[in-house]
Amino acid sequence: MDEIKDGLTEVSCDVLVIGGGTAGPMAAYKAKRRNPATRVVLLEKANVKRSGAIAMGMDGLNNAVVPGYATPEQYTKEITIANDGICDQAPVYKYASHCFDIIQELDRVGIKFQKNENGDFDVKKVHHLGSYVLPMPNGDTVKKALYRQLRREKVLISNRYMATRLLTGRDGQIAGAIAINTRSAEFLVLRAKTVILCAGAAGRLGLPQSGYLWGTYENATNSGDGYAMAYHAGAGLANLECYQINPLIKDYNGPACAYVAGPFGAYTANSEGNRFIECDYWSGQMMQEFYNELQSGKGPVFLKLNHLHSDTVGKIEAVLHNVERPSRGRFHENRGTNYRERMIEMHISEIGFCSGHSASGVYVDEFARTTVPGLYAAGDMASVPHNYMLGAFTNGAVAGEHAADFAQGIDLPEYDPGDVSREQARVLAPTKREDGIPPNQLEYKTRRFVNDYLQPPKVTAKMKLGQARFVEIRDDMENAMVVRDAHELMRSLEVASILDCAEMAAFASLFRTESRWGLYHHRVEYPEKNDDEWFCHSILRQQNRQMTAEKRPVAPYIVPIDESERSAYDRQRIRQQA
Amino acid sequence: MPIAHTPTTVPVIVDEAKCIADKGCTVCVDVCPLDVLRISDLTGKAYMKYDECWYCMPCEADCPTGAVTVNIPYLLR
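Sequence lines, in order, name chains A and B.
The first sequence begins at 1 in our numbering and counts up by one.
The second sequence begins at 1001 in our numbering and counts up by one.
The hints are simulated quantities; they were obtained by calculation from the structure and are not laboratory data.
Using N, Cα and C, we set each Cβ at its ideal position, and we do this for glycine too.
Misleading hints may appear alongside valid ones.
Unchecked claim - Not everything, but these chain B residues come out facing chain A in the computed CB check (under 10 Å):
| hint | residue |
| --- | --- |
| 1 | Cys1025 |
| 2 | Leu1034 |
| 3 | Tyr1047 |
| 4 | Lys1049 |
| 5 | Tyr1055 |
| 6 | Asn1071 |
| 7 | Arg1077 |
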């Protein structure tokens, strides 16, 4: 295993899904269900059984729009406000209208959602305005249930294949993708009528405070490959400056899970044990207050459970130590932290791109279509804001069904064989060197500079210095990187994605000369929100081999937002008691 | 310039007495998202070859004999 071999195979399909985490399996399943004759290939860098953000499961739905608790209109309004108004509502509304069908479907295939004594879904309030959080008591079985459905529908799964570039046809439409086997470096050319990118967040962008490259908030496999591939195919990427930054358990770097613990009475507190934010729902404005408190004399910040009854804490532990990030119990045990006695120290995460929690993603419309014909995107890497796991499922379903229909009406596009040989040369270059810089050092340096120069508060001169350093690292990567086996080759390709994302993060952040989304885009020299000039999306794309950015108007709202409601998320800090 | 190796203590531990990789089992290697586990040519048992662990635990949860333990990486402990 891991020995680098020669090899090139070509396969054809109607729908190619890249990424087998959350959105991907649902997209593949729905494409096949829509039309069983559709040839669907699901490509996964790891193994679909245990891949992506929910490799070990998930403890609940954070954005369930359940009849009786919330309406699609209320949800669309809440997300529009939480995202500072920069929101094309059509995809959010579409999600909100369809997600209950997906909840019921998941419930039918064995993923049980919490019900109350009347047999209704037991929805909790965590957001600022409405109630959307639905616990999943057997959330550790999500991946298994999905996998069973994929087998039943006979979806062709290719594990341990990493897509490296998309192929486009003569008119710029999608024509497939190039991939390599992560254990043998053999190439696979996948010709496809449509491609659905579901490659997850760019979670290996910033460096965690621990300095451990793999100690990221996101599953560390999510290195932003989807963002990089979309960029190189010419797709537009929206609002990348709206970084993902999350409040986490310090060092462990997993979620403190106020969403789980909050409904039981836990809350985020300062070192005096007092609340300082109105609402624990993750938004840029909330993160700004979190950051302010961390930096203040009342820092650091904690998750407080030690005022709760021991049995209540036990119930919370049963969820937090078994689902999503089950090793957290071990982390606390090592330090002798018992939730009943001590508050849990928190910190803020490294920066990343992830529309699952913020809004930075490949631009998509309400059918999950990107700006490249035939190319779709869903999940954490598509631009539907705050869409979490249920958004990945629902928008994956939307993408799968639309792609299956679209593929029926077109022929397999031709691609340029020169693109394949050029890509083989790019990928294999580090294997041809005897000596040089290994990928892990290039990655460490890139990500340290991301922290030094790109993380908020954002300063123009710093970001420009970061850009200069990235150019130097790119030169090293292209001319001096060395890899010795197929596993390292996968890492070297991830470094290229990370560097692409770092450059995009700097470029997008410099473009938007205002502050918005709280901490996510806090620009020190432009401290105010400037609706006159910047009430718009920023769209970054590659044109004539250059990175460019442009403004795109926010689509007219479907659900009107009253002037008095717009600032609801701006009032996060608890007002001083008289 | 030659490449040096920096020693690290790895988080994933395999109990070789319980591991049945020598009988053909590859479950932990198959399920690892970061693909850091391998079967040793020398011992026929699973081990952590690359120190790139997200301490996510599928290897431990899915091991049929309970041979795998995931510790928190030392830098985070």
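Status of the hints after comparison with the structure:
1. Below 10 Å, beta-carbon pairs count as interface contacts, and B:Cys1025 has none with chain A, the closest being about 15 Å; its hint is therefore violated.
2. Nearest Cβ of chain A to the Cβ of B:Leu1034: about 6 Å, under the 10 Å cut. The hint holds.
3. Annotation: B:Tyr1047 was flagged as interfacial toward chain A, and the flag is violated, the nearest CB pair being 13 Å apart, outside 10 Å.
4. Given the 10 Å rule on beta carbons, the hint for B:Lys1049 holds: about 8 Å separates it from the nearest Cβ of chain A.
5. About 5 Å separates the beta-carbon of B:Tyr1055 from the nearest beta-carbon of chain A, less than 10 Å, and the hint is met.
6. Because the beta carbon of B:Asn1071 sits about 7 Å from the nearest beta carbon in chain A, less than 10 Å, this interface hint is met.
7. The beta carbon of B:Arg1077 comes within 5 Å of a beta carbon in chain A, closer than 10 Å, and the hint placing it at the interface holds.
In this structure, the hints that do not hold are numbers 1 and 3, in rising order.
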